[in-house]
Each structure stands twice: as structure tokens, then as C-alpha cells.
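Engineer: Respectively, the protein sequence lines represent chains R and X. Using the numbering used here, you'd call the opening residue of the first sequence number 1 and step up by one each time. Using the numbering used here, you'd call the opening residue of the second sequence number 1 and step up by one each time.
Bear in mind the hints are in silico, worked out from the structure with no lab data behind them. All values reported here derive from a predicted model rather than from experimental measurement. Keep in mind that a hint or two might mislead.
[What the hints assert, rightly or not] As a list, the in silico DSS-like pairs of lysine-lysine whose alpha-carbon atoms are at most 25 Å apart: (1) LYS743(R) with LYS16(X); (2) LYS16(X) with LYS827(R); (3) LYS729(R) with LYS827(R); (4) LYS855(R) with LYS24(X); (5) LYS657(R) with LYS552(R); (6) LYS850(R) with LYS16(X); (7) LYS554(R) with LYS490(R); (8) LYS658(R) with LYS554(R); (9) LYS255(R) with LYS335(R); (10) LYS24(X) with LYS743(R); (11) LYS32(X) with LYS827(R); (12) LYS14(X) with LYS291(R); (13) LYS840(R) with LYS24(X); (14) LYS552(R) with LYS827(R); (15) LYS304(R) with LYS335(R); (16) LYS24(X) with LYS827(R); (17) LYS837(R) with LYS24(X); (18) LYS490(R) with LYS14(X); (19) LYS729(R) with LYS14(X); (20) LYS743(R) with LYS758(R); (21) LYS16(X) with LYS837(R); (22) LYS16(X) with LYS338(R); (23) LYS783(R) with LYS32(X); (24) LYS837(R) with LYS32(X); (25) LYS97(R) with LYS138(R); (26) LYS24(X) with LYS833(R); (27) LYS855(R) with LYS32(X); (28) LYS178(R) with LYS321(R); (29) LYS509(R) with LYS749(R); (30) LYS378(R) with LYS97(R); (31) LYS798(R) with LYS24(X); (32) LYS509(R) with LYS657(R); (33) LYS361(R) with LYS509(R); (34) LYS32(X) with LYS850(R).
[Stated by the list, open to error] DEER-style ranges, computed between Cβ atoms: (35) ARG35(X) with GLN350(R): 46 to 56 Å; (36) SER28(X) with GLU739(R): 16 to 26 Å; (37) SER28(X) with HIS875(R): 25 to 35 Å; (38) SER36(X) with GLU356(R): 40 to 50 Å; (39) SER28(X) with ALA718(R): 18 to 28 Å.
Think of the CB as a built atom: it goes at the ideal place given N, C-alpha and C, for glycine as much as any other residue.
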Amino acid sequence: MRGVIQTIKSEPYIVCGGERQWAKARETKEKIGITSFDVQEILGKAQNYLYTEKAEKDLAEQLQERGQEKGYWTEEQIKALYQKGLDVENMDFSELKAYAGETATKPKKVEDEKLGDKLETIQKGSDQMYLYALSSPKVTIDSLYESNFKGGFKKSALNYSRQDISNVLKLNGVEENKNSIWAADLLMMYDMGVNAASINKLQNIQTAIASLDVKQSGLSGATTLMENQEVKYEPEYVDRITDELGMVTDEHIQKLIEEGQEVNIENLRESIHKNAHEILSDLKEDHLTDKEIAALEEETTAIKEQILTVAAKLTSEAAQKISGQMPLESTRLSKVAKALLEMEEEQMGQVLEEVELPVTKEHLDVLTQTMAAKTNIKEHFTETATLELTSQDEMTLREIQSALAHYMAHETPVEKRFGESLASVEGQIKTFLENNQLPSEEGQIEGAKALIAASMEVSEENLQAIETVVLKLNHFLEELTPVQAARMLKEGINPYHATIDEILDFTGKQHVEGLKGNVAEAIVALKQQGSLNDQQQEGMIGLYRILQAVTKDKEAVMGYLFKNQLPLTVENLQAAARYAGKTNIVDAKLDQHAGEKSKEQLQTAQNMLEKSEEAADEMAKAIKILEEMTLPVDAEHSGKMGRLSAILYPYIKEQFKKELGKFEGLKALPESFVEKLEVVQQAPASVLEEMREHHIPVTINNVYWMEQMSNQPELYEALLEANPDFQEKEPRNLEELEEALSKICQEAKEKKEEAVVKGNLSRYKNYKAVEEMTAFKQQRIEKEGFYQIPFIIEGERKLVSLYVYDQKGQEADLNENLKAVISYETKHLGTIKAYVKIEKDQLGFEIESKNESVKKLLNAHQDLLIQGLLDIGYHTQYTGYKESEVTQPQVISRDPLSRFEEII
Amino acid sequence: MAGQEKRQEDQEKKPKEDIVSIVKEFISYFEKMDRSDKDDNSIKHR
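This is chain X alone, in the form it adopts within the complex (with noise of 0.2 Å):
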């Protein structure tokens, strides 16, 4: 029952719709990557 579920929802997915959202998880993965160089560097200048 759940899988059906899923999969009708899987083919309503409208990218265009979502585009905000999914820009907004490469950002947030961007920010992490910047904020861990930082770190890093940082620890690299002790």
C-alpha cells in the first residue's frame, strides 16, 4: 500500500515546482563544504 502511495507521488513530482527547493539543498551542501574548509584551514594555521 505504501509503495503504491510512494510511486504516485514520485510521478506527480513537478520539477519546476520544487527547482526552489532543490537549489536551495545545493546551497545549504555548498555552505557546509565552505564553512568545513574553513575549519580545516584553520586548524591547519595552529
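Just chain R, same shape as in the assembly (with noise of 0.2 Å):
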């Protein structure tokens, strides 16, 4: 065990980057002497010496540090986000997080035809391919398939014995099991220190092995398997786990408990495939004593408990962060539930500080309570849309979780088995469609699905009522994220008894002015990239134009289509946007206009296209099929008001996804969020954190400003110069300044929504920037009191930084007592900061600099200083003059005010 650190302590030798190279090195020590170090790889074998548990901490924290903060999301999943119309540039990490985890990754192709062959050999694997991958931070296909032929680890010549590895497990509180002893048995025969964290490494790597399919898509040479501490688990994997689990019986529980065996996700996994019937006929109850048939039925129930909790609550984010504390699938059940159970609860608990809620048992229930509704319904997709077709009236989550759980108590093995065979009818259902003259997309097929399980007959009047529910379900399945069950919280709606119309509506508002926002990005990258030609552009406006006024008055154009009995279409959406709330218009006239249409609109969109040969151009046809495409929502399926509310920005989003999804001209994202991804992905973790303590949404706008704005102060100033439109007066005091700010805001916004109409679109790229430059600075102002005043000084115009310390708690008007910190950049004498105390009219300040002489000129013309002061109506009661503490341990963060207390 003490092999490389002895012989690194006792002679140098080069290390030259792989084990191959000792032998040679020890030759050429011998003729060159010595030469390079090559730290890392020592530091590499060093982590498996390590014995405190204290080191491995420490290392483990710097290894983590640095992947923490950076790097959430891949530019793949941004562009996926970016295309279902979401505000990503305006959406808190954690939502972003939250939606990335719902999408399912793309299959790419398998272009390695020797990965059939590399998986083979890993399965084999040999003792050096798993050393190596336990001193490797990134564990990929490739590296596990390389170092199968690579030497290097020798046998240690110690003896020891099963029993010794008992006891080197109990030493570092592992679980002893058949994996954990097979890991601590490589270790100890390697001469390698045994700890729980390579414990849990080791049997990690296995279990990833384990899974790898060469027909699973995706799959690649540079997969990642493994990356510090956690295996990277795919949703498609952890669906199978839970299905899985989810078909465990008592009898399967009991059986395994007879036969002593681990109650782990990989003996249930493994129990499910044995004959059913073998096993009842196998259970020795008759032999046991009453009391012990007692205490095997308790312990049964706990599990299925336990299978629960895992089934309903692990997502693959989930699995990858429980997998770095323990291996996943050979741990006792209980422990992972266990762990589950207080993830959640951590999460939930950061969720309600973002929204800046109170974590209260009570606010925690609601949020785990309507998650868990959330997964439910993902699992019971087609029993739910049946639900939601047959109830009368709007059925809260609560309802609807009463409601699925009495079906699944009820639901015999045999009713899920023909939950599988509804599958294999599946391909059967597009050809009935198809022969039918019935339309056959995704959609149409989920609600044939529900359909069928609902025994309603698979007519087109039910497909159309059914579409409907199945584009509301899939929506709120996306929309309802833990941050916006926290938002609606907030409001004082709980999630749990809302209905999910309900819910839709309220997270339909957020999102449409982010969809603006992303159609008007959408027309520049394609302008750019000389994808959008002019009468393509007509369209995308036309569909911005669309949006804008829905937004600007959705009661009005909702009221519209429900009075006049439209159906739900984008043209409609055009016309009620326009005489919506113009009573001047004759109703009846309408009225028979709109008779006119419906029979028109009847028609499906092959019989439009069809009809209009002329438009030979691909967006012409596209936006035809937009304007005409039907989803019946009228007066007597929607009932109320309130369905057509809810479906109102799904429907929309559907459309925007549909013509984004029609440009393969858009392959990448816009230039300029790119940029702006760039700027976050570099921002050093002190910032994130400065942000999340003052409760600034931590979203990719805010990061990117923040960190523009300290790099590039003068930015702000260049914006408002190159659009004279916007004066910036000195203002007389601090409300000036956030009025002036919110006017700039304001008036930026329209200049940049008039932009996208004319299709100016450089002039709406300048106009963005300013207004998210100053919903920026309004915000800081808002959360940490910092502002930014421009004064005029001789004729130039200087930007001042001030943060206002407003104590929480006092009321608005009794500001009688101030804090302040100014900090001001001169020509020659360089930064200088005052800190300042006010009280009633007595005035306290310290003035700052990094510089001697700059201390003592300040010093000593102070009576100027406080004559203007007094001039003002300020009494200088006492002053002092400090020298910048560079000496001292810096705090990372910029904030002053956290200094305050120390200074003054």
C-alpha cells in the first residue's frame, strides 16, 4: 500500500504520462538524472492513498467546484428549450434545469460499428480497466475500452483474508453485500486504499457496464458513463427502472426476504422475471408461526412503500445525484428511498427560497403533493385524458389523484398486462386511422389510445374532442415545474386544488411574452443566415403581430371567439385581435361571416393545400395550413370560458413549434444568445452566488448583464448615446432615477416590438439590449439597493455607484436613517469609496483608498467637503480616512455593504 508514494519519497523518477513509460524512464533516469515531475498524474494515484476522510473531502470539493456552477445544460438542450417557445433567456436556472430534465434525448445515429466489439470487451472488462477508471474524472466508452490494455497496477503480495474484508468494510461504514465485497476484494488486491467513496466508484462502474445495450440509441464511443462521483443515468434507463419496479408483487418482496437476500432495485428488477406462478408455489408460509407471518407482511408493506416513493420520485437527475453518494441499484431499497425522500425535500426548500416563500411544513406538502399528482398523471396519460374527457365538471389535481388511485388499487396484474398489449395495438391504430380518412399524428394516435381504454367509439367527433385534452395534458405535463407550482403559491393559489386549466392559464401568461421574444429572435438568426426570405418574413411577422395583440388583451380576444362561437384557428385569432372590443361592429354581419367559415374550416388542411397550387413556396404553404387548421373548440364541447383560457397559449405554442420546427434553416441559435451563453458559462461562481443572495432571479439575461456591466461599465452609456431618443438627466433625487429607468424600459420595449414589425431588425437588436439593460439595473435596485446615477461634472458626464442599505422592516417614510456606500473613479487619484451613516440630519462618513497620499490630500481639505455638506443641511459629526485593507482575506463578494459593519 505504500508502493508509489515510498518510491516517489525514496528516488524521482519521471513520470511521462503513462504507466508504459516507467520501465523506459527508469532507463533513461539513468542517463539523463532528474528531470519533470508530472504532478497530476501523481496527484491521480494519490487519490487512491488517500485515507482521512477529511483529504478525500477536500479533493472531492475542488473537483466539484469547478463542474458546479458551469455548465448545467449542453447547447443542444438550450436549442431544444429555445424551440418549444420558452422565455430561456428570461427563466431561472433552476426552471431551466427543471424543463431540461423533462426532454428526452435525441437518438443520434450509432456510427460506430466497433461498438458492439468495444462493449464487449468492457463487459469482460479486466481488473486494470476498472483501476484506471477510478482515478479518472470523466468515464466514457472509449476510456473504459483503452485501458483494457493497459498495464500498469500490480498485485499486492499481502495476504488477506474474507474475513479481513469484512472488516475494512465496517471500517469505513460500507454496506457489506456481494458488490461492495467484490470492490473492496479489487482494491485490497491491487494494494490500493480502500474508501467508501472508491467503494461506491467501483460498483458504480459496474453497474453503468452492466447496462450498456449496444441497441440503446445514442450510444457512442465518447458516451459518458461516469463523471467525478456519478453515473450518468439516461431518462430511458430510470423509466425502465421504475416500470420495473412498479411491477413487483408481495409475492416477489416475500420471496426474496426468505431466500435472505438484499432488498435492492436490482434483485426486485431481477425477481420480476421469474415465473409468478413459480413463486406462489415456492412461499413456505404454511411453515411459519403466525407471528412471523405478522412480521413478514409488515416488512412487505414497508417495502412496497419504499418501491413507491422510488417509482414515483426517481428522474434521472435524481438517480445521477444518488448514484455520487451510493450505488444505486445494489443499495438497500430503504436507504435510496431515504435518500430520495430528503432531495426532494431539499429541493422543494430552494424552489420556495427562490420565490422568496417561507419553507414551512406546510408550503413543502403543497409543492411534494402536486409533484407528485404531476407524475402520476405522466404514468397515467391515457387514464387521465379519459378523465378529463368524461368529468363534467373541472377536476382538481387532489381529484384527479383520488381518482387514479383508486383505479390502480383496483388494477388486477391481469388489467396490467393489457396495459402492455394497448402498446402492441398501437401500430394498428395509425393504419385504422389512416384507413378511416382520420387524421394520424402523434396526437390523434394518444387519443385513439384514450379513447380505446375509455371504450368511446373512435369516431372523428371523439378524436376532435379528445385532441383537445390530450394538447392540454401534454402541455401542463411540460408547463407545471416545481418553481411554477411556487409561483402559483405564491399568488395564494395552491396547485393541489387548482384544476389543470387552471394551472395552464396561469402559466400561459408567463410564457407568451417569452414566445414573442423568440419569434422575434427567430426572424433575425434566419434573416442572418439567409434563410428567410421577404415574404417568409411577412409571415413570421404576421405571426408576431398575432401574438402581440393577444397578449395586449386576451379577455377581449378570447371573448370575441366565445361570443361569436369561432373556432379556434389562427386566423380567427387575427380578426378577433383586431375588433375585439370595438362595439361598433355589427354582430349579425359577423355572425353569418362566421357561418361561412366554419364550413370552410371543416376541411382538412390536405384539401387547402390542395387548393392553393399557386403558393408554390414552402413558408406560403406552411402559413396557409396555419391559418386554416382547425381544432374544434366551440361553445358546446368547451362549456366555459375557462377551457378556452387554458387552451388559448397552448395552441399558440403548438404553432410556433410547428413553424420553427418547419425551418431547417435554423440550425443554430441565435447569434447573439449565443453570445450571451457564452458570457454565463465563463461567469465565475462568486457572481451566481452574490445573485442568489439578493434574491436576483439567477436567469441567463441577469448573469450575462451583471457580468457586462462590471467588465464593461461604459456599455450602458454607449446604448443610450446611439439611440437619442433616450435623455438621462441628472436626476434630483433616487426616485427620479427609477422612474427615468422605467420609462427608458418602457419605451425601449415598443420601439423594440415596433422593430419586429417593420422588420428593422437592427435597430430591434439595439432596442432589446436596452431594455434588458434596464430591467436589469431595475432590478438590482430593487433587490440589493444599488444604483447607478449619472451626474455631470464639468461638462462630462460620470456614473457614480451607490448602494442604499434600507433596513428591512422600516417603514418607507421613516427614513431618517441611512447607510450608504459611494464609490467613485477618479482621473488620478484612482477609486475612492465613502461609507456613509446617516441620521435624522446628522452625517458620518470614512472615505477609502487604496493610496496613502490620496488618504492624506482627502484628509486634509475635508472642511470643504463638510461645509457643502453642511450647506445642505447635513452636520458632519465625525469622519476618518482609511487605507483600502488589501492585505486582509478579501471577500469574494463585491457587495460593500457586507463590510459595513466593521467600518462604521
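Can you join these two chains into the complex? Each is in its own frame, and there are hints to help.
Structural biologist: Structural data, given as C-alpha cells:
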């Protein structure tokens, strides 16, 4: 166990990047002598020798720190979110994570023909392979494959017994099972240090390899299996785990217990593949006493609970996280369930903090219940669709939950298998629809399934009715993230007691602004790429106009549609936007017109396309289909206006997705967006921490502007100068400054939207930048009390930074006491800071500068300042001059207020 | 009489409203010092 370290201490040697070089190095050393150490290599080996937990933790922390705040996501994921119509730039990071978590990975072509061979080799796996993987921060298929052919790890000369292994496991607090024994054995066999982290990692590697299937989509040599301590569980695989867990019966559990096997995911999954009949006949229940039977039943019930917990809460993200602490599939199920519950609570707690709600048991319960309902609906999509269709009144999440629970409790294994056969019938559904001249898109197939499950006829009428429901449910599942649920709670709405329609209505409002932004950006990007001709641009702008109109007056738009019983199409939306709220239009005339229109709209999209043969342009065709497509939400089926409201935003979003999807030209994200992403990914963790501290929403836009403004403080000035409409005068007080900002923000927004409509893309970008910056400044004022005040000094415009410390709980009018920090850049004296404390008309200040002579100078003439202050009515009680404490450990946060209490 | 008025005025001082003016005082002072330093330096260089 002292091998390498002793060698290093006793005789320096050359390590040239690989074990194969050792022999050569020794040879060379003789000739050349001591040259260089490859520190990284040594550190990598050293990791295996870390005995103390602290040393291990430190190392792990350092490794994690780098990965922590950066690269939450890939550009692919962001693009997927963007094309969903989400306002990616203004969404909180945790929201992005939540939405990204729902995005399934797209299958890529398996180009590597030799992949099968590689997998075979890996699955046979040599000891060397495992040990190499142990010290690699990143484990990929290729790295595993290659390391099979490396030498370097030597077996120990020492002997040890099985008992020794047990003892070592115990010493490290590791659960003893066949996998951990294998891991410990391997480590000891090669003289490597045994610690919990290594054992965990080895087991994880083993699991990751075992779960590899060459038929799996998206696999290639570069596929990452593990990163640092975590296994990169894919959503597909995790779904399989939860599905199989759902098939475990009481008998399976009892069999495991009887055989003395560990109750973990691995064993449970294996057990279901055994014949149920066999199990029933094998059980030795007759030979147990009543007491033993009762105990067994109790244990079984407990395990079933745990299974439910795991099946409900195990997402790919959670699986990855847990794998970092314990091997997911071979750890006792109770531990896994407990870990999941703790993680969920932590996550919910964070979400509550983000929306600034107190973390109480009540709030946590609402969130967990809501999320559980969502998961359940996802698992039982078809059943929920049926419920929604057949129920007369709106069902709240709570009601849906109890209906589903009732259904599940009475579900026999036979019915479960019926669910499976519904899947096998799926292929036939598509053919059936096509044969009957019914539309056969994915949405319709989902709908047909729901109808079959409800024993309803798969007719055109029923299909249309259920299509709405399916659309709603899909959007509901997409939209209801923990952050959204928390936001609802903050508005005083309990999402668990809300209907799906109400939830959609709430989330929809927030997203349309984002949609508008996306359409605008898409127009810009497509134009830049040259993928958009003038006609197409007109079409996209048309979509933008509709969005604008709908955002401005959603109620009037819907009222118009509803009153005139118009189907929900893009064309009618346009009309509604135009006429809504104008009472001088004669209704009778419109109704007549509407009658004709609805007849037309009964035609399918295909027929429409055939009609307009002149439209050779792809885009024009698409627009036409878009405009004539019908979603039948008429008075009969929708009933109340509320349903229309709920469907409005999902419908628009759907059209938008289809629209963008048609553009193969939009290969990459808009340039400006990519630039933002790059800046954000480089932002230091301290910036994010600071933002979180002050409850500034951590969104891409905010982080971007935070960085830009600190790295390029003159940017704001430059932007304003480019727009002569924005005059920033010297404000007389803070209120004036805030009003000016608000005004500029609003104006910039309006001009931005005008620019889109007029097709002037460069002006659009300019105004957008101004809008975002001012919005960001407003946020900093609100959350941090941070102001940037423009002053005209000797004809020159200068910006002064001011932090105002407003004591929480103090009434707005009571501002008799004030603390502030002023920061100012001078040409020759450098940066000067002033810490000011004011009580009524009594003032105290302390001036800070990095420079001794500056300090002296400011001190020497302070009477001028004191007189000036007196002239405006403030008596200076005390002053002080301080040299900047550069030698003391610098506070990472840029917030000077944190030092305030020390100074004054 | 004047004294009474002045006392009333003092009591009505609201720092938050005046903070911008206060900041301006500081900045003017800093600028003055900044300029005088420049002048001093230029004198020295002669």
C-alpha cells in the first residue's frame, strides 16, 4: 500500500504520462538524471491513497467546484428548450433545469460499427480497466475500452482473508453485499487504499457497464458513463427501472426476504422476471408461525411503500445525484428511498427560497403533493385523458389523484398486462386512422388510445374532442415545474387544489412574452443566415403581430371568439385581435360571416393545400395550413370560457413550435443568444452566489448583464448614446432616477416591438439591449439597493455607484436613518469609496482609498466637504480616512455592504 | 423665530430624498481634489 508514495519519496523518477513509460523512464533516468514530475499524474494516483475522510472531501470539493456552477446544460438542450417556445433568456436556472430534465435525449446515429466489439470487451472487463476508471474524473466507453489494454497495476504480495474484507468494509461504514465485497477485494488485491468513495465508484462503474446495451440509442465511443462520482443515468434507463419496480408484487418481495437476499433495486428487478406461478408455489408460508407471518407482512408493506416512493420520485437527475453517494441499484432500497425523500425536500426548499416564500411544512407539503400528482398523471396519461374527457366538472389535481389511486388499487396484474397490449396495438391504431381517413398524427394516436381505454368509439367527433384534452395534458406536464408551482403558491393559489385548466392559464401568461421574444429572435437569426426571404419574413412577422395582440388584450380576444362561437384558428385569432373590444362592429354581419367560415374550416388541411397550388413557396404553404387548421373548441364541447382560456396559450405555442420546426434553416441558436450563453458559462461562481444572496433571479439575461456591466461599465452609456430618444438627466433624487429607468425600459420595449413589426432588425437588437439593461438595473435597485447615478461634472458625464442600505421592516417614510456606500472613479486619485451613515440630519463618513497620499490629500481639505454638506443641511459628526485593507482576506462578494458593520 | 423654523426644517430632513445631493457633494469634493492633484503634479514636473 505504500508502493508509489514510498518510491516518490525515496527516489525521484520521471513520469511521462503513462505507466508504459515507467520502464523506459527508469532507463532514461540512469542516463539523464532527474528531470520533471508530472504532478497531475501523481495526484491522480494519490487519490487512491487518501485515508482520511477530510482529505478525500477536500479533493472531491475541489473537483466539484469547477463543475458546479458551470455548464448545467448543453447547447443542444438549450436549443431544444428554445424551440419549445420558452423564454429561455429570462428563466431562472432552476427552471431551465426542470424543463431540461423533461427533455428526452434525441437518438443519434450509432456510427461506430466497432461499438459492439468495444462493449463486449468492456463487459468482460479486466481489473486494470476498473482501476484506471477509478482514478479518471470522466469515464467514457472509449476510455474503458482503451484501459483494458494498459498494464501498470500490480497485484499485492500480501495475503488477506474474507474476514479482513468484512472488517475493512465495516471500518469504512460501507454496507456489506456481494458488490461491495467484490469492490473491496479488487482494491485490496492491488494494494490500493480502501475507502467508501472508491468502493462506491467501482460499484457504479460496474452497474453502468452492466446496463449498456448496444441497441441503446445515442451510444458512441464518446458516451460519458460517469463524471466525477456520478453515473450519467439516462432518462430511458431510469424509466425502465421505475416501470419494472411497478411490476413487483407482494410475492416477489416475500420471496426475496425468505431467500435472505438484499432488498435492493437490482434484486427486485431480477425477481420480476421469474415466473409468478413458480413463486407462489415456492413460498413456505405454511411453515411460519402467526407472529412470523405478521412480521413478514409488515416488512412487505414497508418495502412496497419504499418501492412506491422510488418509482414516483426517481428521475434521471435524482438517480445521477444519488449515485454520487451510494450505488443506486445495489444499495438497500430503504436507504435509496430515504435519500430520494431528503433530496426532494431540499429541492423544494430551494425552490421556495427562490420565489421568496418561507420554507414551512405546509408549503413543502403542497409542492410535494403537486409534483407527485404530476408524476402520477404522467404515468397514467391515458387514464387521465379519459377522466378529463368524461368528467362534467373540472377536476382538481387532488381529485385526479384520488381517482387514479382508486384505479391503481383495483388494478389487477391482468389489467397491467392489458396496458402492455394496448402498446402493441399502437401500430394498428395508426393504420386504422389512416384507413378511415382520419388524421393520424401523434396527438391523434394518443387520443385514440384514450378513447379505447374508455371504451369509446374512435370516431372523428370523439377524436376531435379528445385532441384538445391531449394537447392540454401534454402542455400541463411540460409547464408544471416546481418553480411554477411555487409561484402559484406565492400568488395565493394552491396548485394541488387547482384544475389543470387553472394551472395552464397561470403558466401560459408568463410564456407568451417569451414566445414573442423567440419569434423576434428567430426572424433575426433566420434573416442573418439567409434562410428567410421577404415573403417568409412577412409570414413570421404576422405571427408576431398576433402574439402581440393576444398579449395586449387576451380577455377581449377570447370574449370575441366565444361570443361569435368561432373555432380557435390563427385566422380567427387575428380577426379577434382586430375587432375585439370595438363595439361598433355589427354582430349579425359577423355571425353570418362566421357561419360560412366554419363550413370552410371543416375541410382538412390536406384539401386546403391542394386548393392553393399557386403557393409554390414552402413557407406560404405552411402559413396557409397554419391559418386554416381547426381545433374544434366550440361552445358545446368547451362549455365554459375557462377551457378556452386554458387552451389558448398551448395552442399558440403548438403552432409556433410547428412553425419553427419547419425551418431547417435554423440550425443554430441566434447569434446574440449564443454570445450570452458563452458569457454566462464563464461567469465565476461568486457572481451567481451574490445574485442568489440578494434574491436576484438567476436568469441568463441577468447573469449576462451583471458580467457585462462590471466588465464594461461604459456599455450602458454607449447604448443610450446610440438612441437619441433616451435622455438621461441628472436626477434630483432616487425616485426620479427610478422613474427615468422605468420610462426608458418601457419606451425601449415599445420601440423594439415596433422594429420587429417594421422588419428593422438592427434597431430591434439595439432596443432589446437597452430594454434588458434597464430592466436589470431596476432589479438591482429593488433587490440590492444598488444604483448607478449619472452626474454632469464639468460638462462630462460620469456614473457613480451607490449602495443604499435600507433596513428591512422599516417603513418607507421613516427613512431618517440611512447607510450608504459611494464608489467613484477619479482620473488621478483612483477609486475612492465613501461609507456614509446618516441619522436625521447628523452625518458620519469614512473615506477609503488604496493609496496613502490620496488619503492624506482628502484628509487635508475635508473642511470643504463638511461645509458643502452643511450647506444642504447635514451636520458632520465624525469622519475617518482609511487605507484599503488589501492585506486582509478579501471578501469574495463584491458587495461592500457586507463590510459595513466593521467600518462604522 | 428663525431658530424655531430652522429646528423644524432639521427635523424634517429625509436622508433618502437627499441622498443624491449628498452624493453630489462627495463627488464634487473628489473631483476638486482630483483636479488639484493634477495641478500639483503638473507644477512639480515643471
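Engineer: Run every hint past the structure and note whether it holds.
Structural biologist: Hint-by-hint comparison with the structure:
1. For the suggested pair LYS743(R) and LYS16(X), the alpha carbons sit about 21 Å apart, so the restraint of at most 25 Å is met.
2. Distance restraint check for LYS16(X) and LYS827(R): the Cα-Cα separation of roughly 29 Å exceeds the 25 Å cut-off, and the hinted pair is therefore not satisfied.
3. Restraint check for LYS729(R) and LYS827(R): the C-alpha separation of about 23 Å stays at or below 25 Å, so the hint holds.
4. Distance hint between LYS855(R) and LYS24(X) is fulfilled; the C-alpha atoms sit about 20 Å from each other, no more than 25 Å.
5. Distance hint between LYS657(R) and LYS552(R) is fulfilled; the C-alpha atoms sit about 21 Å from each other, no more than 25 Å.
6. Taking the CA atoms of LYS850(R) and LYS16(X), the gap is near 28 Å; set against the 25 Å cutoff, the hint is violated.
7. Note on LYS554(R) and LYS490(R): the hinted pairing holds, with a Cα-Cα distance of about 23 Å set against a maximum of 25 Å.
8. As the CA atoms of LYS658(R) and LYS554(R) are separated by approximately 22 Å, the hinted pair is consistent with the 25 Å bound.
9. For the hint linking LYS255(R) to LYS335(R), the alpha-carbon distance of about 20 Å falls within 25 Å, and the restraint holds.
10. Only pairs whose Cα atoms come within 25 Å are accepted, and LYS24(X) paired with LYS743(R) is accepted, the gap being roughly 23 Å.
11. Our distance criterion of 25 Å between C-alpha atoms is met by LYS32(X) and LYS827(R), whose separation comes to about 11 Å.
12. Our distance criterion of 25 Å between C-alpha atoms is broken by LYS14(X) and LYS291(R), whose separation comes to about 78 Å.
13. In summary, the hint linking LYS840(R) to LYS24(X) is supported, as the alpha carbons are separated by about 18 Å, within the 25 Å threshold.
14. Pair hint LYS552(R) plus LYS827(R) does not hold up; C-alpha atoms about 48 Å apart against a cutoff of 25 Å.
15. Distance hint between LYS304(R) and LYS335(R) is fulfilled; the C-alpha atoms sit about 14 Å from each other, no more than 25 Å.
16. The suggested pairing of LYS24(X) with LYS827(R) holds, with an alpha-carbon distance near 17 Å, which does not exceed 25 Å.
17. Distance hint between LYS837(R) and LYS24(X) is fulfilled; the C-alpha atoms sit about 16 Å from each other, no more than 25 Å.
18. At roughly 34 Å between alpha-carbon atoms, LYS490(R) and LYS14(X) are farther apart than 25 Å, so this suggested pair is violated.
19. Taken as a hint, the LYS729(R) and LYS14(X) pair is honoured in the structure, with Cα atoms around 22 Å apart against an allowance of 25 Å.
20. Between LYS743(R) and LYS758(R), the direct Cα distance comes to roughly 22 Å. Compliance with the 25 Å bound is thereby established for this hinted pair.
21. Taken as a hint, the LYS16(X) and LYS837(R) pair is honoured in the structure, with Cα atoms around 11 Å apart against an allowance of 25 Å.
22. Straight-line distance between C-alpha atoms of LYS16(X) and LYS338(R) comes to about 51 Å, which puts the hinted pair past the 25 Å bound.
23. With a C-alpha separation of about 33 Å, the suggested pair LYS783(R) and LYS32(X) falls outside the 25 Å cut-off, and the hint is violated.
24. Distance hint between LYS837(R) and LYS32(X) is fulfilled; the C-alpha atoms sit about 23 Å from each other, no more than 25 Å.
25. Proposed proximity of LYS97(R) and LYS138(R) is supported: the alpha carbons are some 22 Å apart, at most 25 Å.
26. A C-alpha spacing of about 14 Å is found between LYS24(X) and LYS833(R), which places the hinted pair at or below 25 Å, so the restraint holds.
27. For the hint pairing LYS855(R) with LYS32(X), the CA-to-CA distance comes to about 14 Å; that is within 25 Å, so the pair holds.
28. As the CA atoms of LYS178(R) and LYS321(R) are separated by approximately 23 Å, the hinted pair is consistent with the 25 Å bound.
29. As the CA atoms of LYS509(R) and LYS749(R) are separated by approximately 18 Å, the hinted pair is consistent with the 25 Å bound.
30. Restraint check for LYS378(R) and LYS97(R): satisfied, since their Cα atoms lie roughly 18 Å apart, inside the 25 Å limit.
31. Our distance criterion of 25 Å between C-alpha atoms is met by LYS798(R) and LYS24(X), whose separation comes to about 11 Å.
32. Using a Cα cut-off of 25 Å, the hinted pair LYS509(R) and LYS657(R) holds, with the two alpha carbons roughly 17 Å apart.
33. At roughly 29 Å between alpha-carbon atoms, LYS361(R) and LYS509(R) are farther apart than 25 Å, so this suggested pair is violated.
34. For the hint pairing LYS32(X) with LYS850(R), the CA-to-CA distance comes to about 19 Å; that is within 25 Å, so the pair holds.
35. For the pair ARG35(X) and GLN350(R), the supplied restraint of 46 to 56 Å holds, since their beta-carbon distance comes to about 51 Å.
36. Our hint of 16 to 26 Å for SER28(X) and GLU739(R) holds, since their Cβ atoms are close to 24 Å apart.
37. For SER28(X) and HIS875(R), the hinted distance range of 25 to 35 Å is not satisfied, since their beta carbons lie about 18 Å from each other.
38. A hinted range of 40 to 50 Å holds for the C-beta pair SER36(X) and GLU356(R), which are about 48 Å apart.
39. In this structure the hint that SER28(X) and ALA718(R) lie 18 to 28 Å apart at CB holds, the actual value being about 25 Å.
Hint violations for this structure: numbers 2, 6, 12, 14, 18, 22, 23, 33 and 37, all remaining hints satisfied.
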